[in-house]
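> Take a look at the letters that make up each chain.
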Amino acid sequence: MFDPLALAVALPLLGALLVTMLPGWSRALGMLTALATTVVALWLTVTVWGGASLHSDLGGWGVPLGIALRADGLAAALVAMANLVALAISINATGYFGTAESSRKFWPLWLLLWSALNGLFLAADLFNLYVMLELLGLSAAALGALTGTREAAEANLRYLLVGLLGSMTYLLGVALLYTAYGTLDLEQVAASLTPGPVALSALALMVGGLLLKAALFPLHFWLPPAHANAPAPVSAALSALVVKAAIYLVLRLWLDLFDGIVTEAAGMLLGLLGAGAVLWGSWRALRAERLKLLAAYSTVAQVGYLFMFLPLLTATPDGPERERLLTALVLLALTHGFAKAGFFLAAGLVQKSTGHDRIRELGGAAQSLPAATFTLGLAGVALIGLPPSGTFFAKWVLVGQAIALGQWWWALVVMAGTLLAAAYVFRVLARAFNREPTPKCFLTDPRTEIPALLLAALSALGVGLAAQPIAVLLGAGD
Amino acid sequence: MSGLLLAVVLVPLLLAPLVVHPAWRWLVLIAPLPALASLALLPPDATLELPWLLLGTALGLDETTWVFLLFTTLVWSLAAVPVVERLGTAAGTGRFRLLFLLALAGNLWLILAREPVGFYVGFAIMGLAAYGLILHPGGLMRRRAGRVYLAMTLIGELALFVALLLMAQTQGVTWSLPATSAPDGTVIALLLLGLGIKAGLMPLHPWLPLAYGAAPAPAAAVLSGAMSKVALLGWLRLLPLGQVALPEWGMLFVWLGLVSLLVALGVGLVQTDPRRVLAYSSISKAGLFVLLLGLLLLEPTLTPIGVGALTLYAAHHALVKSGLFLGLGLRDLDPARPLVRAGLILLALALAGAPLTSGALAKSVAKPVLVSPGWIWLDLALMLATVATMLLMARFVWLIWPAPGVDDGHRGALPMLRTSNDTQAPVGSQPAFPIWSLAAWILLLGLVAGFPFVLGEPSAWPTNAGAMLIAGLIAAPLALAIWRRAPGSGRRVRRRSLGDLVVLIEPILAAQLWTGRALFGRWNATVEAARAHLYSLGERVGSPPPDPERTLRAWPTAGWLWLGVTVLLLLLVLVAP
Amino acid sequence: MKASRLQTVLIPLLLSAIGAVLFWAFWSGVTGHEGERLAALALARVPESGASNPVTSVLLNFRAYDTLMELAVLLAALLGIWSLGPAAAPYQPAALLLNSLVSWVVPMLIIAGGYLLWIGGQAPGGAFQAGALLGAAGVTLALSGRPNAGLPDESWLRVLAALGTLVFVLIGLTLMFLGLGFLTYPPALAKALILTIETGATLSIGATLAAAFLGGQPRATRTAEP
Amino acid sequence: MNLDPYLPLAIVLSSALPGALIFFLGEDSYRLRTALNLFGALLKIILVGWMIWGVFHGHVYESRLTLMPGLELVLSADALSVLFVALSTVLWLVTTIYAIGYLEHSPNRSRFFGFFSLCVSATVGIALSGNLMTFVVFYEILTLATYPLVAHRGTPDADHGAKVYLAYTMSGGVLLFVGAVWLQTLVGQLTFTQGGLLGAAPEALHGQFILIFFLLLAGLGVKAALVPLHGWLPQAMVAPAPVSALLHAVAVVKAGAFGIVRLVYDVYGVEFADDLGLLTVLGVLAATTIIYGSLKALSQDGLKKRLAYSTVSQVSYIALGASVLGPIATIGGLVHLVHQGIMKITLFFCAGNYAETLGVHKVSEMNGIGRRMPWTTLAFTVGALGMIGIPPVAGFITKWYLGLGAATAGAYWVIVVLLVSSLLNAAYFLPILYRAWFRPPPDQWPEEAVLSKRLETAPALLWPPVVTALLAVVAGLLAAAPFSPLEWATLIAEREYGR
Amino acid sequence: MSHEILITQLLYGGAGLLFFLLGVWSFISHEPLWRKLIALNIMGAGVFHVLVAVAYRGLDAPPDPVPHALVLTGIVVAVSATALALAFGRRLDREDSERTPEVQGVDDREDGTHV
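Protein chains in written order, with our numbering: chain A, 1 to 478; chain B, 479 to 1055; chain C, 1056 to 1281; chain D, 1282 to 1780; chain E, 1781 to 1895.
The following block holds chain A by itself, in its conformation from the complex:
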């Protein structure tokens, strides 16, 4: 009777519509929808964790004609992370967007973005993915511009244009696939896909378009200004979820759709770009003047890490190693999602209470906001990849498989990345140790700090140690 997949998309959409119509009640309705959606998402993940993957045909017309929603292990894990982070962001937003004016603008767009996210993770139809990408791009760009400054408008316009270019290219790829194989469903295309010019060009177009939206190294130019100038909860969503959705799509295409077509050399190209992203992103983060710019560049670096898994995945034949690599990839994605969201929320609080987030003058604030600094620390642990964070175990598996396959250079990149990450995180944390008077109590603004703290704690401690259930989830999924 209850179809969690459809509910997961319809509920936030319904919420968005209600909030648009009744702006006065925006905060209450928003929170209600947030809670309901998270419950549905977690229920969905638990059902997938228990048995096999979920599948539901919308409109009851069967796959080639109608649209299907599917939730396998990978999708369920990402949905769970996305919804938890979104819930935390929503709680934070009730505090951040205090005024009626700003919350009226924020909540409808935010819930639309949320439903686009769930829709994208659960979609199994290529064209539907295009529509979800567009909805995601539009609402993210609109949300990003809420700060109202000129830089925000300019950055988000560039983001919107990049998004449109990317999704238009993606759509052409879908058109080609439809021309050749006459169906739009992911699984059916994957089944009937044969190496040839169509598959080749569709791969190039679709993945090329998505690389733009996933901000892989040379194409990351739009991300830092967009994420740094957005309001704190929005930049948390952008960095942790929106970029993650594009990467999830690349993965879905690379591992499922184009599994037979993909060659190791192509994987190597993406891996090298990823390595470039790690080094360039970390180096720029180290040199960044402002805290949120640092966080944005750290996202560019973490995206690099995710793409470094691709060459290894393509080179490893099916078997336990590939299973471990996939689990490690998901672990890294989840940890980064939680950590970056926590980091941005804390950075937002620091900016709000001191009026600026220039790292050099951060001293006083870092000392007087112990909870915020503690969150930055925990999130930093996850970003650097210190144990017990998921990133540590993910890097362990990544380097292990790299050495096993003889591609030892990935290990060097991981080493350099970890050191640079440590440098730029501790550059911020060092500010917290100065001679300011000791704050009386730990929490200064609970509504912002508790969700941020929980997110960061989950990233630093929770996900890493919960690797076993995640492995089961992924195993059960496919």
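In case anyone wonders, no lab produced these hints; they're calculated from the structure.
None of the values given here were measured: they were computed from a predicted structure.
Don't take each hint at face value.
In the EDC-like style, the derived pairs of lysine to aspartate or glutamate whose C-alpha atoms are separated by at most 16 Å in a straight line are [what the hints assert, rightly or not]:
(1) D:K1643 <-> D:D1582
(2) A:K440 <-> D:E1308
(3) A:K440 <-> D:D1309
(4) C:K1246 <-> C:E1103
Between beta-carbon pairs, the in silico distance windows are [as the list claims (entries may be wrong)]:
(5) E:S1782 <-> A:G148: 51 to 61 Å
(6) B:T1029 <-> A:G148: 26 to 36 Å
(7) C:P1207 <-> E:I1818: 29 to 39 Å
(8) A:H356 <-> C:L1061: 33 to 43 Å
(9) B:A1008 <-> D:G1558: 28 to 38 Å
(10) D:T1466 <-> A:Q468: 37 to 47 Å
(11) C:L1244 <-> A:E101: 35 to 45 Å
(12) A:E101 <-> D:T1466: 51 to 61 Å
(13) A:T438 <-> B:P529: 48 to 58 Å
(14) A:A28 <-> C:W1173: 47 to 57 Å
(15) C:T1229 <-> B:T1029: 34 to 44 Å
(16) D:A1482 <-> B:A1008: 38 to 48 Å
(17) B:E1027 <-> D:P1727: 16 to 26 Å
Every residue gets a Cβ at the ideal spot worked out from N, C-alpha and C, and that includes glycine.
For this one, chain A is given, so just place chains B, C, D and E on it according to the hints.
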């Protein structure tokens, strides 16, 4: 009953912290009592096994240790009386008493120890504690003596440590003394070095005259009497006497002993300070012991007699030497007292080995060993040594005999108990003459006097008569001449006396230290400069360059980059396998 | 910033390479494919979909989810425009000729829109085309000087804009709660449901397009902007 | 329901959870924070005691958490880990009491004690780790937990010292990480087994094993302050006294040394490592560190700086013990793990007392300090004598066993190194004792603070050094007693060589 | 698949691809915002041409409805995206006009700076 052995060591250790408080200082006297009790009550071969202490300690007695324990305890208890009475409540004396008892405990542990670790523990504690005794009232000269003493003791200790290690290599972690297997060359060399420093053998002796000259009377007495004999005990324990003949090592020992015997006497004669004279006589006696050991190594069959002779000689020397030092202590308080002067003369005679004295007895017992190789030159040398010792003692008597009317010029420099130049010594009135220490001293005199008659049979008494005669013939006219021409001229004090090897070493050491520091300093400077440069690099890097991403952000560049990536993707999927 | 010489050469070169591959791919895609794509399957099942026009049945029945999300995209765009700032200044009031023209054209557009909405079920037409016409009506009104293009004030406008999607979602959810499955129309009611969804959609699309043309936060009151 | 699998985990958490709670306490909830601290310490001691009793009777304790197939976090208690756990637990209790006294009125105490407990739980984690991965996990958590302690004071040079510390330990951690992963790909799951597990690997891999050994040694060498990598230790002396006591006597430095012991005995196996010629390399490195550390210590005027360099040289004794083939040298190395901890922590406590009570930071200011603070200086003397290796104190036992082990193994150059280092130790410790006891005190101390009426300084500051000094003497005197560190080290060495 | 349908599909689809490429070229190399938006719409039109071309099933047979529906949805999405982008452009213009009132920029570049 064998628990008493542990008490011997434990009581002084436990009393040590208590005696720091001036009111409790009389406890120092009680410390040696358990040792005396064990001597009286315990059978000569009592042993005590303590597997849990240190690495499994074993304490025990046998013939030699019995004798050693006897005279050591006597010396310590007699020296304890002046410590308690005369040192009194001056500042720093608490610390002196603490270290005095620690040294006592170390000494007793060492004598009773039946395994190397215990032996080394006693040796180390005694060595370090003695440093504090030498340093007692402070002052520049004592500090220098202390520093030299400490340096050489540490080297000695480490040499002994390594020797024990190498011996342990063959016999497992711990084994019972005396050593059963024959140690190889390096071990013997190390033992010679380690214990030689303690005994004050010639090339290793520089610290001894300084220390005896600087230390207060009871400390000097204990140092010369009990502590230096430890080296002999060590040699007896660790060298393979009686098991195997080591001709070349034996000859080395003999020659070293001889050199030390004669040269020390020569240098001693030119000394102007009575304490240094006694110091050099101790060095010569150490040479004699090494000579005897060498002979035993040459002729293992002589070991029983040899060991007996050595132990007796050690006992005699301990008692006499400590008596002399204590006497000097008393004399410094009241130079004119006739009883003290008579006693000192008696002790001097005994030390010189005049007939009817304990010296003569010891020499007679040692005679058979000395004669055994039958080398003529050895007998001649020994005869010369005996004569020289007589002369040395005469010199000593001459030095302590105050010339009429001339105030004893060099008293100021002597480490008197009430020297004025030391800031913290109380400048109070002259303390009452310490009766009790005088009584103890007299008791010691009685012991020394009775020694030959109790132990030796009458035949031994007249030995050395001939040598005594010759010495008297040489000394008498010399003394008369000096006395008439320039009374008291022989007594001037020269600070840098001839025998001090330290005088030579110290500048070399200082030079070495200086060059090392300079070299090291420069190296340090370069390292610091490099590090500073590195960190400034870090700061300079910190400043942000113009935003490199501006060009990246312009659409054309971003555009062709994106197209490039897509084309590369196409090619790699198309071309690559 | 004048693109450097390298880029003017490089970009076309790369594009022509991609173009070549695309043409080759398209050629092989089209020729290679022997069977009918989804045409036969879709056309076969149009009768049960509750609309005779195949495109409408695909749009509002087979791939109804897509259309729902598409309306959400439209709404998102509108909300984005509103969040970027106040609306532009209205045009200066139209002269007599334009006014009379408008008074004729706007009702015509509205009737045509209604017709398109109705005919959508059988022939090409439907919610989007009708909405477009309504939007055009709004635009002409705005061009003729009316400050908010015939649209209600902000609170009602927000309801109107969200109405279409709301109707769609509510129908979907009720169907799911009734056990049929999200957006699965019972064959009997299909036609009626499609019609209601279409009318809702037309209204909100028209309102959205018109409001989007105004380009900003609708003015709360009808103050005449200088 | 046997509790065995949960004991090691409980021990690690028994200090982590109170620590986590302390973070959230306000600055002024003094009583609750002290209660939490002491409760954590006592609970841990009880648990450790229970475990020692169990291990002694051959009981197996193991908590296992499998993250992925082939990737497990294992906490197991074998003889070697129990030795280190016992040491760190006891010394943590003492240091906590000292820290409470020391940081009486200083700011940020919640933050300090939070990280302080995390640091110890990391150390205990390192001790109890059952395989190389868990070791690396806790090794890097230790880096994380100790950084805030070093930067605690907030002064510019504390910040600089912390930065240097972080640079060194992070790069070391990364090297260790890559080495461990490389080894794991070659050999599979790396559980620590008595006698090492690389012996059976095929011949071809030996080249890689040597390379990996150097990587791991570099990673561990940073924390064990082997020569080229020791730069951070003197710089980290800026930290408050309890931190430098716990870090440089127990936690950080010992973690590195413990790691090297684990690497040589339980990963490579000592015979296998010897065949590869790795032990001689380790030995040479350790020897150079010993000599270099002592030489540098000679020229340092700052008391804590001198102690820091002395730590640099002392810790390498453990590496030296591990590098000499033969059970006796191993015993020497292992027992020094405990002895050095006890003696060095005493010295640092005394240094802290001098700084806190009299404001004395330099050796040149220590004239006659024995008269003003007799008990502290007595403890300092015991510690110093122990460092030199003078018998009654524990240091002698180590020197005796190391020397003996070297002699039996025929590595005579080791004895020379021991000799030279003992002399150098004497050269830089005895002048301090001489100044303290035999020089007259100055008329006015730099910053004299009256911390207690009856005693020479606050009780919480005075008793810890005295207790640890007593421990050092007892460990020396009762070395052969059943539950002494020496007995335990012999037990470990027998099991290592026994099979 | 008769030859005639094939030819029309190829011809029409090829034109669509050409549109797409032209659109991309223009999007990348031209600076002003409105030129980029027009380029985007051309690219969209190109893709929709391909889809419609593929839907062609000969003169008599009704065309394949699915691509048509896709095109309809695609058009609406393209419209809303263009509307939002234009709103962004207007916002940047208004921002600049407040700062430099006298210059009424006509064709300002996408990041709002003037030619």
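> Out of the numbered hints, which ones does the structure contradict?
10, 14, 15, 17
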